[in-house]
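> Hints in hand, dock the two standalone chains.
Protein chains in written order, with the numbering used here: chain A, 86 to 532; chain B, -15 to 196.
Mixed in with the good hints there might be a few duds.
[To be verified] Here are the simulated DMTMM-like pairs of lysine to aspartate or glutamate, each with C-alpha atoms no more than 20 Å apart in a straight line: (1) A:K206 <-> B:D86; (2) A:K462 <-> A:D436; (3) A:K403 <-> B:D166; (4) A:K121 <-> A:D182; (5) B:K3 <-> B:E(-12); (6) A:K402 <-> A:E428; (7) A:K353 <-> B:E(-2); (8) A:K230 <-> A:D338; (9) A:K403 <-> B:D(-5); (10) A:K458 <-> B:D166; (11) A:K353 <-> B:D0; (12) A:K353 <-> B:D(-5); (13) A:K402 <-> B:D166; (14) A:K344 <-> B:D97; (15) B:K180 <-> A:D456; (16) A:K344 <-> B:E(-2); (17) A:K230 <-> B:E48; (18) A:K353 <-> B:E48; (19) A:K458 <-> A:D496; (20) A:K296 <-> A:D168; (21) B:K180 <-> A:E428.
[Unchecked claim] Derived DEER-like restraints, expressed as beta-carbon distance ranges: (22) A:E518 <-> B:K148: 21 to 31 Å; (23) B:E102 <-> A:M295: 50 to 60 Å; (24) B:E102 <-> A:V377: 53 to 63 Å; (25) A:D232 <-> B:N10: 41 to 51 Å; (26) B:R32 <-> A:T439: 24 to 34 Å; (27) B:R(-3) <-> A:K206: 33 to 43 Å; (28) A:A106 <-> B:K148: 40 to 50 Å; (29) A:G283 <-> B:R(-3): 47 to 57 Å; (30) B:E102 <-> A:D182: 47 to 57 Å; (31) A:D289 <-> B:K148: 47 to 57 Å; (32) B:A34 <-> A:N355: 54 to 64 Å; (33) B:N10 <-> A:D440: 43 to 53 Å; (34) A:N375 <-> B:K148: 48 to 58 Å.
[As the list claims (entries may be wrong)] Computed footprint of chain A on chain B, listed as stretches where at least three residues anywhere in the stretch have a Cβ under 8 Å from a Cβ of chain A: (35) 40 to 51; (36) 169 to 178.
Calculated from the structure, these hints are not laboratory results. Cβ atoms here follow ideal geometry from the backbone N, Cα and C, with glycine treated the same way.
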Amino acid sequence: MPKPADFDKLTPAQKLEARLAAWQNHEGIEFADKEKENEYRFRAQILADVVKLRKPARVPVLIATGFYPFPYAGYTCRDAMYDYDKLGKAMMKFHADFEPDAVASPGLYGPGKAFEVLDYKLYHWPGHGVPETTSYQCAEAEYMKGDEYPDFLKDPSDYFLRFYLPRVFGALEPLKELPPFTNLQELPFVGPGIFHFGLPHIQDALKKLMKAGEISLEWFTRVVEIEKNIITSLGMPKFQGAFSKAPMDVPGDTMRGTKQILLDKFRKPNEIIAASERCAQLMLDMGVRNSVWGGPPTVFFPLHKGADSFMSPADFKKFYWPSLKTVMLGLIKEGLIPFMFVEGSYNQRLDIITDPDIPAGTTIWYFDKTDMKEVRKRLQGWACFSGNFPSSLLKTGTVDQVRSHCRQLLDDLAGDGGYYMVNGAVLDEAIPENLHAYVETVKEYEI
Amino acid sequence: MSKELIDAVVDMREEDAVKIAEDLLNSGANPMGVLDDCREALGIIGSRFAAGECFVPELILAGEMLRQIATLARPRIQQSGSAPQQKLGRIVFGTVEGDIHDIAKDIVVFMLDINGFEVMDLGVDVPAAKFVEAVREFKPQVVGLSGFLTLAYDPMKNTVQALKDAGLRDSVKIMIGGGQMDDQVAAYAKADAYGKDAMAAVTLAKGWVGAK
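Isolated chain B (complex conformation) (with noise of 0.2 Å):
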């Protein structure tokens, strides 16, 4: 474990943890344990975020480390043949029909796939068929729906409609979060709860696969 590294991750020095993850790589060390301690790191980010200590930025910096950083250690992954992290569950994740913003979906799928979560991001503009497609095969115990305007509201209601239509709405817990979501929005749309952040997705999730 370096000290160090996870220090200059915590404390938003980006070309410091670059270049420390790249000298840990170069000298050998183990990529996964150069990635566990970036997660570590991002543990403590997200703790602080849920307890209002630091905010969205943080994150986005913080996915930006870590994206370089997984760039460097990827391919000696691949070399040493370390066997791929088991997973906590898998969740289907996008922003409902209608609405194309990314941001905060985007963060919110970086920290459930940082926490342990296999997501399969559906994008923006989601069609209702296309979050029944990959939950159908997928097969996800947690769908995300996302959104940013009040135009939101219907789709996310559409969205939970037709996967009871698809029968497959028992197989799934939903969560619902963005702009103008609410505990309101999430009981009109019948989905299982809202989340108001990233952590808050995280927290949810987690109670759902029963992890801790």
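In isolation and in its complexed conformation, chain A is listed as follows (with noise of 0.2 Å):
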């Protein structure tokens, strides 16, 4: 079904059902054959009904998935990023392997020829700067320094072109040379404001943006292909849609860093307040502006700041929570679905984010370490939950220890609907054998 004409006009309410409606009906897309349609539909209508707080045909199964495709078909993590046929075959193999009710996205990894073009220093991927079989790792640094929060509050894409993008990309360093876009007002400014553009090596750095520009567009191209050959040679939807951050997590992730972000809290409390606020309409924006029409209507995010080691709850109603719930309300406005990935725990949170203000049915909530039974008390019949199947078990643990888990999880959850299993923190490792228990033992389970 296209999207309706009047759509600007439905209520949030109908314009969830609307977008819920096209991915089920999965616009756009043709499958193999009838049989891979119908398991398409019976995969995200069990999803959609979890997610409206119903009780499914059965309890869905996805699998978190970091970089486990990889060595499980042959291959290294260097081969994600590097070699587009073998993330292909990977990714495939997988999925028809152990069968997972929602596809893992093979946009995961990224295209690292082009972090190499633009000397991409936020990151060490494999083979660069970690070994080739270990997965991507954040090194952090203070990109934003500390006095610099009123040149980002002022201005955040300017200063995302001149101060931040040139210190977390070496081959865009000249483009801090730049003047402001803003300085490009009447004819006779116009000379001045651009001729930076004929220098060399300001060209040279736009000649490499343009470089991974186009690599990126190769790999792209090719992430597609990937996943809609999975999504219709097996029969299996997309459950994460757009992607999106809690505002305190721009500055605190990337920009600062956590160890000067936390300190941030004592020393310039009142700055990282106002960051997060400015970049509460700049998340939002992200998570509308990325979401496809028959895609899952749902808006990925992982939440790193605000859990419980790294605040009281009384820090994380006054940092965290008001301007994350202001992107959540917008998105919920949209008819989107905000997809909240707690990594960590938030065991001292949940009577806080089970906020009277956000609609029943209209949030998912997947957690990495959190006290699941109590998620149950707090959340059932308000939220759909899932999560913290422990990573751990499905690498070190026996397969008769994974079922018995996954028994026990899902006779503590799963019976009045509105939940569905995943593991809690992306699978870079397994026992294939318990990765098969854990699917299985779910698919099994009669609720």
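This is the structure in structure tokens:
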């Protein structure tokens, strides 16, 4: 079904229904055969059921996937970022062999060559700072200096172009010399405002950016193709749609870094709050803009600096939650589903996140290490919840341990619907038999 | 003892704490006494952390305050020739091979240090052979293996095995910790224990060296 002409006039609840229906009806997707189409519809239905807090025909089972498909297929983690044939083969084999209820994105790994061209400093990736058999890892630093909050607040895009990006991409360092684009006012301002683009070293930076763009375009084209192949040949829907971030994680994760943002909480509390408020609209726009009609109407948030260990509940309420709630409510208004991945734990935040301003059946909460019995107590009937199957068990446990832990979680959590199974942290390592046991146990479970 | 200094550190008043310490040192206070006050304050913060009343940012800021105050006190300690504090034991600590995460490791190393241990910090992405070499030379009672990712499981196991192969396994107790670690991983790696946070690491290490 195409996007309704009067979509903008619909209520948030109607928008959500329209988006869910377009996704379940696989707008724009042709399947290999009718059987695969039916499988897609069944999986999308049970996922939609749990999002809408209904009891599904069976509990959906997902695999939060990191680099695991590559060692499983006999490849390295580096292959995932450099060899798109191997990327496609490994992702297809992984999905065909384990048959989870949703597609793990082949877009997670990124184009390694583009990162090389850009001299990307923010991450170490396989074969480039960490071993070829290891996932990429963030190399935190103060890419935004402590006294630069006012510059960021004044104009975040200008700050990114002329300060932040020249620091995280070595190849773009010359861009720090550019004047702001807002200088380009009347005719006499244009020449002085753009002559920098004639300077050889700035042209060189732009050429590298264009080169990285070409590489990324080729990569992106392949990723879309790989994903489409998995969906159509295996009858598996995507469940993660767009992507956004908690506003405080914007300065916290990649600009100031963990240690500095946690110190800023004491040294620059007002600046953190101002930056988070400034980022709220940007993160809302990102979530809405990247949502595709016919795709899953979810917007995925990896939540970082608000975890239990990083601040008190009072500080969570003061620093982290208000701007995050603004973004969530904005997405819900657009008929989109905030899909919150709580990394670490939220044991001390469950009464804060179950905010009465957030309507029931409009969010998904996916937990890493939070106590799931407490989660059920607080979230049941209000939001879809999932997670906390220990990734450690998939790698270091036995098949029997995996089965028994799965059954225990299902007994504890699945009874009233609104729940699906997923491992707590993205999977880089596992014993294949354990992963099969994990998927099978959930699929066999009767609710 | 300066209650004023202890309170300032415990209450996370960074500027006050550094200023009070500086004034004390300038007025001729014993620099070891000033550091003892800081240690007492850190003990209170550690207990609050263990009780879930304060959090990682407080530990990091406490570390920052202590670093600044120690920088002020150190030249005066050298002048006065005060004897170094008796240590509870020695610990070799590092993030295992393939993992470059250092924040949690740094906090644990700091808390072990402040609680009276002599810690050799090997840094991040530490190969098993480097742990073996450090254990052989430094002769610790305890080895701490840190790792954030699931990819750290095997390097942890390999490190324990390498210590065994070198005939050093029985001379040390081994603890693991970090993001995706748990008791299950400790058993897999054949470590002696998993510690869920910095204070758990202190408790484990103290237990192993027979300290209170």
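> With reference to the structure, classify each hint as holding or not holding.
So, going through the hints one by one against the coordinates:
Between K206 (chain A) and D86 (chain B) the CA atoms are separated by roughly 17 Å; this keeps the pair inside 20 Å, and the hint holds. Of the pairs offered as hints, the one joining K462 (chain A) and D436 (chain A) holds, with about 11 Å between alpha carbons and a cut-off of 20 Å not exceeded. Distance hint between K403 (chain A) and D166 (chain B) is unfulfilled; the C-alpha atoms sit about 31 Å from each other, more than 20 Å. Of the supplied pair hints, the one linking K121 (chain A) and D182 (chain A) holds, its CA atoms being roughly 15 Å apart against a limit of 20 Å.
The suggested pairing of K3 (chain B) with E(-12) (chain B) holds, with an alpha-carbon distance near 11 Å, which does not exceed 20 Å. Under the criterion of a C-alpha separation no larger than 20 Å, the hint pairing K402 (chain A) with E428 (chain A) is consistent with the structure, at around 18 Å. The hinted pair formed by K353 (chain A) and E(-2) (chain B) meets the criterion: a straight-line CA distance of about 12 Å does not exceed 20 Å. At most 20 Å may separate the alpha-carbon atoms for a hinted pair to count; K230 (chain A) and D338 (chain A) meet this at roughly 14 Å.
Under the criterion of a C-alpha separation no larger than 20 Å, the hint pairing K403 (chain A) with D(-5) (chain B) is consistent with the structure, at around 18 Å. Our distance criterion of 20 Å between C-alpha atoms is met by K458 (chain A) and D166 (chain B), whose separation comes to about 19 Å. Pair hint K353 (chain A) plus D0 (chain B) holds up; C-alpha atoms about 16 Å apart against a cutoff of 20 Å. Of the pairs offered as hints, the one joining K353 (chain A) and D(-5) (chain B) holds, with about 16 Å between alpha carbons and a cut-off of 20 Å not exceeded.
With a CA separation close to 29 Å, the supplied pair K402 (chain A) and D166 (chain B) exceeds the 20 Å bound. The straight-line distance between the Cα atoms of K344 (chain A) and D97 (chain B) is roughly 19 Å, inside the 20 Å bound, and the hint therefore holds. With a C-alpha separation of about 15 Å, the suggested pair K180 (chain B) and D456 (chain A) falls inside the 20 Å cut-off, and the hint holds. Restraint check for K344 (chain A) and E(-2) (chain B): satisfied, since their Cα atoms lie roughly 16 Å apart, inside the 20 Å limit.
Proximity of K230 (chain A) to E48 (chain B) is assessed by CA-CA distance (about 17 Å); at most 20 Å being required, the pair is judged to hold. Annotation: proposed proximity of K353 (chain A) to E48 (chain B) holds, straight-line Cα distance about 15 Å (limit 20 Å). The hinted pair formed by K458 (chain A) and D496 (chain A) meets the criterion: a straight-line CA distance of about 10 Å does not exceed 20 Å. Of the supplied pair hints, the one linking K296 (chain A) and D168 (chain A) holds, its CA atoms being roughly 18 Å apart against a limit of 20 Å.
This hinted pair checks out: K180 (chain B) and E428 (chain A) have alpha carbons roughly 15 Å apart, not beyond 20 Å. The hinted range of 21 to 31 Å is satisfied by E518 (chain A) and K148 (chain B), whose Cβ atoms lie roughly 27 Å apart. Checked against the hint of 50 to 60 Å, the pair E102 (chain B) and M295 (chain A) passes, with Cβ atoms roughly 54 Å apart. Taking 53 to 63 Å as the suggested C-beta distance range, the pair E102 (chain B) and V377 (chain A) conforms, at roughly 57 Å.
In this structure the hint that D232 (chain A) and N10 (chain B) lie 41 to 51 Å apart at CB is violated, the actual value being about 29 Å. A hinted range of 24 to 34 Å holds for the C-beta pair R32 (chain B) and T439 (chain A), which are about 27 Å apart. Between R(-3) (chain B) and K206 (chain A), the C-beta spacing of about 35 Å keeps the proposed range 33 to 43 Å intact. Take A106 (chain A) and K148 (chain B): their Cβ atoms lie about 59 Å apart, and the range 40 to 50 Å is violated.
Distance hint check: the CB atoms of G283 (chain A) and R(-3) (chain B) are about 53 Å apart, consistent with the given range 47 to 57 Å. Between E102 (chain B) and D182 (chain A) the Cβ separation comes to about 50 Å, which falls inside the hinted range of 47 to 57 Å. Checking the proposed 47 to 57 Å range against D289 (chain A) and K148 (chain B) shows it holds: the Cβ atoms sit about 53 Å from each other. Our hint of 54 to 64 Å for A34 (chain B) and N355 (chain A) is violated, since their Cβ atoms are close to 31 Å apart.
With their beta carbons about 51 Å apart, N10 (chain B) and D440 (chain A) fall inside the hinted range of 43 to 53 Å. Our hint of 48 to 58 Å for N375 (chain A) and K148 (chain B) holds, since their Cβ atoms are close to 50 Å apart. Counting residues of the stretch 40 to 51 of chain B whose beta carbon lies closer than 8 Å to any beta carbon of chain A gives 5, which reaches the threshold of three, so the coverage claim holds. For the stretch 169 to 178 of chain B, the assignment as covered by chain A holds, since 3 residues bring a beta-carbon within under 8 Å of that chain's beta-carbons and 3 suffice.
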